[in-house]
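**Q** Chain residues, written in single-letter form:
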Amino acid sequence: MADPAAQTSAQPRLHPARPGLSQQQWSSQKKAQVRAFPRAKKLEKLGVFSSCKANDSCKCNGWKNPNPPTAARMELQQHAASLTEVCRSCGHSLAEHVSHLENVSEEEINRLLGMVVDVENLFMSVHKEEDTDTKQVYFYLFKLLRKCILQMGKPVVEGSLGSPPFEKPNIEQGVLNFVQYKFSHLASKERQTMYELSKMFLLCLNYWKLETPSQFRQRAQKEDAAAYKVDYTRWLCYCHVPQSNDSLPRYETCQVFGRSLLKSIFTITRRQLLEKFRVEKDKLPPEKRTLILTHFPKFLSMLEEEIYGENSPIWEADFTMPASEGTQLGHQTVLSPVAVSGSPLSKCTSGSALAGSGLDSTSSEPITGEKRKLPEALTLEDAKRIRVMGDIPMELVNEVMKTITDPAAMLGPETSLLSANAARDETARLEERRGIIEFHVIGNSLSQKSNKKILMWLVGLQNVFSHQLPRMPKEYITRLVFDPKHKTLALIKDGRVIGGVCFRMFPTQGFTEIVFCAVTSNEQVKGYGTHLMNHLKEYHIKHGILFFLTYADEYAIGYFKKQGFSKDIKVPKTRYLGYIKDYEGATLMECELNPRIPYTELSHIIKRQKEIIKKLIERKQNQIRKVYPGLTCFKEGVRQIPVESIPGIRETGWKPSAKEKSKELKDPDLLYNMLKNLLAQIKTHPDAWPFMEPVKKSEAPDYYEVIRFPIDLKTMTERLKNRYYVTKKLFIADLQRVITNCREYNPPDSEYCKCANTLEKFFYFKLKEAGLIEK
Amino acid sequence: MALVSADTKIAELLNELHQLIKQTQEERSRSEHNLLNIQKTHERMQTENKTSPYYRTKLRGLYTTAKADAEAECSILRRALDKIAEIKSLLEERRIAARMAGVYSDTDPPRKTMRRGVLMTLLQQSAMTLPLWIGKPGESPPPLCGAIPANSDYVAKQGDKVAARVKAVDGDEQWILAEVVSYNHSTNKYEVDDIDEEGKERHTLSRRRIIPLPQWKANPETDPEALFSKDQLVLALYPQTTCFYRALIHTPPHRPQDDYSVLFEDTSYADGYSPPLNVAQRYVVACKENKKK
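Here the protein sequences come in this chain order: A and B. Using the numbering used here, the first residue of the first sequence is number 1, and each one after it goes up by one. Using the numbering used here, the first residue of the second sequence is number 1001, and each one after it goes up by one.
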């Protein structure tokens, strides 16, 4: 190899696997060592990577030691080559190679030396790596760093890779959303457990060594493989290599990648992770063992559904958490990586050429301060969100939660008697939890032999349907229940079928037809029908179908109405005509599902919410208790008075509801013109100049790392043109963000902030003037 | 005000009940000693293998004491049961009063009608808490205990649950679960309310259209004669409904808390009867007409 690095690379070769030292530790130790060299020695080292400046025609790009060090001479390395020694390749002296470093500060020299060490390491990696794709990337990075040393620049990975973050929301956000989405209804202790698991999962992912594209290709489809290769390259350049190579800017995998990478790696990573834990379970600290061995597999399965499910809300950019509990999570202290450090995971990365084990507390910190801004910004967002929810301090909500979950604080022991207001499906939910009833989706199959139990259940279903639906011909019921295209959600009690919903999914048409639905007569009025339908809804959300259609006969209409069906059909006729079975004299009904609703738990959640509100009202009543004389104006013939004029109502904290206050402009054009006018006025304001256009990266290099949601008046004008501002709320929010961004990035006494202050006053004045906000 | 005083009354009664239960335990530990003595005497007699007059006298004395102890314990238990009955009747009175006044005892805002599922749970609970009749030795079960019908001159009280034969809108006759509102002695007619509030109908019916429901459960272990026997034709409340239908007894209960297992007449099944379903003693009454409709 005719490369100058070839000879320097002799050095690391003499330190074969240093036991106990990670690649990263080794590399930083090496850097410290090199930086402690005398200047002459440093220059020699840099000279190797510096072009010859003797004359313009010399193409030599690195000084080559005329006396290549041999193993025996290694000990004498401290001996610097003299500046007069000539290059083996071009014949010019070392001095002529390092002339550009003469007036360079020690700091810069050290920075360059760091790169030299990294280049040497990369050279080794290129050498050792067997995977072609990986080798290529290492080689590219090697060349990149070399060029940087040569030009004394900073390494920037170029090309078609794009720059991080590569997808939004990132994996971290998605997983945190998942925890809030799935577990926010749990008691705080269990919720904490899930939160710990999510943190652990993210941490593992950040230090996980991804499989190479060629490995991936063996188990995936072609088009996926191409995308994976891009992601893999990004991961090498931005996440993996920088872990031990600090000349390159480093990013955390979970912060720069999103759902698509997770989709490609989840299945295999999950398997490897669980296997790892299984093998090393004895090395786990006992308090973590149950957490990992019992909860983690379940956690991962649930997460899997959200990763591969088509309609999972956790990946939506505007995922909002169920306010109270969600935020609580966000504020919890981030777990220390202790959860996984030590034995089990540090091995995940061992065996790789470059990756450090990197789980000790120092290295797992994100390297730069700027990155930590992300999570902080997030919690800030959450905090804002909750304030919008109605000014209830978190402590208060927690306190109330405690009283309603602690049975001792409630009135008396819980009776077995359900209150008259108990939710319709309360009993059924309890019975399911106790294992008295079970729900199964079953169906007949022609391709594989059905198991006997399932066939028995299908017969049971056919019996229940034909008894409960006497008007349906029995043969017809039998045909559909046993049709392989139809499925049935069966309700089982004591091993026997007592009810079910037969349905047919039309994934291409985006709806499901409910065909039969019945509960055996002596088990009716126990909430089973409601619970059945809720299970069916959750099943469909999981399978990405969000519409139910059914022809309901006169007796069924009431039931379907209670289950959220309506006679209003939103699915276009063309989509179901010819698909759904049409019954004469029956009414077509539809139910649209919301993938964010955990249907089987919904009534329970609402009950809890009601309890919280009731408690909050009680508290308020204790604080302000005052009896006013009743209103007399109605006796005097007054028909109506404004609510706010009722004595005492304002003291309770009542405010005119947003709906009434806004009386949102019905006419979109009217709003459009109003906002257009307003924006024009703001743009002509003398203090608007800093906000006219997007901030240029050349002027404020780190601006986009600090400010997550940049906005400016030009962008707003474009948004307005594109009819983005369908409500004034959106418009005002953007306007306000212009100001808050400015205040966040700039010191308060800066010129910019002064402009922001004036402009803010101005536009609020204008908003009021236009009647868009009150007072 | 009446409601408040009923509350304090109930609190008092609960207090007394509590005392009685404690006394029962005292009685029990007292008689324990004597019972042990009896056992020991028997053992000694067995080893000596003869019944001397001494033992005979001794045993007679011991047994007399034991009997007295048992009776004392029994009477306390009966008093406790009476207290429970009293509390229940007070609650019932209060419920009726509230009903009349249209006030709901619950602090929750009144709903127009109770959800059916809740009504069904209440009916099941009322069946479960129906008191078990415990007679004195030799005493036979009274009317309205288990299968024993009411006397011919019996008049059901206000608030009592009955099976009532009403004419439905479509002209069909149907036995429904109803609650007595009043009885007019001059016309010999009852006023009853359909228990199902969704129906919310008041019916005026002659005596023969009313069958009072049992007020005690019969104990299969001590009073099996007070139960319907296998294959007997009865009217039974169909599970999860408020209607009585003709049914055959499949198996009578074996223990006090057991239900009857009955076969309802049902033409939708090949053999004309439903599979066996459970119905509590509270909701099984004799079927007067033997001819099929």
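Quick caveat, the hints were computed from the structure, so don't treat them as lab data. Hints are supplied without guarantee of correctness; some may be wrong.
Ranges of calculated distance between the beta carbons of each label pair, as one might list FRET restraints [unchecked claim]: (1) A:Glu438 <-> B:Ser1206: 30 to 38 Å; (2) A:Trp654 <-> B:Ile1096: 48 to 56 Å; (3) B:Ser1140 <-> A:Arg434: 51 to 59 Å; (4) B:Glu1043 <-> A:Lys281: 37 to 45 Å; (5) A:Asp282 <-> B:Ser1029: 30 to 38 Å; (6) A:Arg289 <-> B:Glu1043: 43 to 51 Å.
Anything over 10 Å on all C-beta distances counts as not near chain A; from chain B, calculated [said to hold, decoys possible]: (7) Cys1074; (8) Met1120; (9) Glu1139; (10) Asp1193; (11) Pro1212.
Every beta carbon over 10 Å from chain B, so not counted as near; a handful from chain A, in silico [said to hold, decoys possible]: (12) Cys90; (13) Ala422; (14) Gly443; (15) Val459; (16) Gly510; (17) Gln681.
We put the beta carbon where it would ideally sit given N, CA and C, even for glycine.
**Q** All hints are to be evaluated individually against the structure, with a verdict given for each.
**A** Going down the list of hints, with the structure as the test:
1. Checked against the hint of 30 to 38 Å, the C-beta distance between Glu438 of chain A and Ser1206 of chain B comes to roughly 49 Å, which is inconsistent with it.
2. Distance hint for Trp654 of chain A and Ile1096 of chain B: a CB-CB separation of about 41 Å, inconsistent with the stated range 48 to 56 Å.
3. Ser1140 of chain B and Arg434 of chain A have their C-beta atoms about 42 Å apart, which leaves the hinted 51 to 59 Å range violated.
4. Between Glu1043 of chain B and Lys281 of chain A the Cβ separation comes to about 60 Å, which falls outside the hinted range of 37 to 45 Å.
5. Between Asp282 of chain A and Ser1029 of chain B the C-beta distance comes to about 55 Å, which lies outside the given range of 30 to 38 Å.
6. Under the hint 43 to 51 Å, the C-beta atoms of Arg289 of chain A and Glu1043 of chain B, about 57 Å apart, miss the expected range.
7. Non-interface call for Cys1074 of chain B relative to chain A: holds, since the shortest CB-CB distance, roughly 30 Å, exceeds 10 Å.
8. Residue-level check failed: Met1120 of chain B sits 5 Å from the nearest beta carbon of chain A, not beyond 10 Å.
9. Non-interface call for Glu1139 of chain B relative to chain A: holds, since the shortest CB-CB distance, roughly 33 Å, exceeds 10 Å.
10. For Asp1193 of chain B, the condition that its CB be more than 10 Å from all CB atoms of chain A holds, with the nearest at approximately 18 Å.
11. Even its closest Cβ contact with chain A, about 25 Å, leaves Pro1212 of chain B beyond 10 Å, as expected for a residue assigned away from the interface.
12. At the 10 Å boundary, the C-beta of Cys90 of chain A stays outside the reach of chain B, the nearest C-beta of that chain being 94 Å off.
13. Listed as outside the interface, Ala422 of chain A is inconsistent with that label: its C-beta sits roughly 6 Å from the nearest C-beta of chain B, within the 10 Å cut-off.
14. Non-interface status of Gly443 of chain A relative to chain B is upheld: no Cβ of that chain comes within 10 Å, the nearest being about 26 Å off.
15. With a minimum CB-CB distance of about 15 Å to chain B, Val459 of chain A clears the 10 Å threshold, and the non-interface call stands.
16. No beta-carbon of chain B is positioned within 10 Å of the beta-carbon of Gly510 of chain A; the least distance is around 34 Å.
17. Once the 10 Å rule is applied to beta carbons, Gln681 of chain A is consistent with being away from chain B; the minimum gap is 51 Å.
Figure legend: structure checked against the earlier numbered hints; hints not met, in rising order: 1, 2, 3, 4, 5, 6, 8 and 13.
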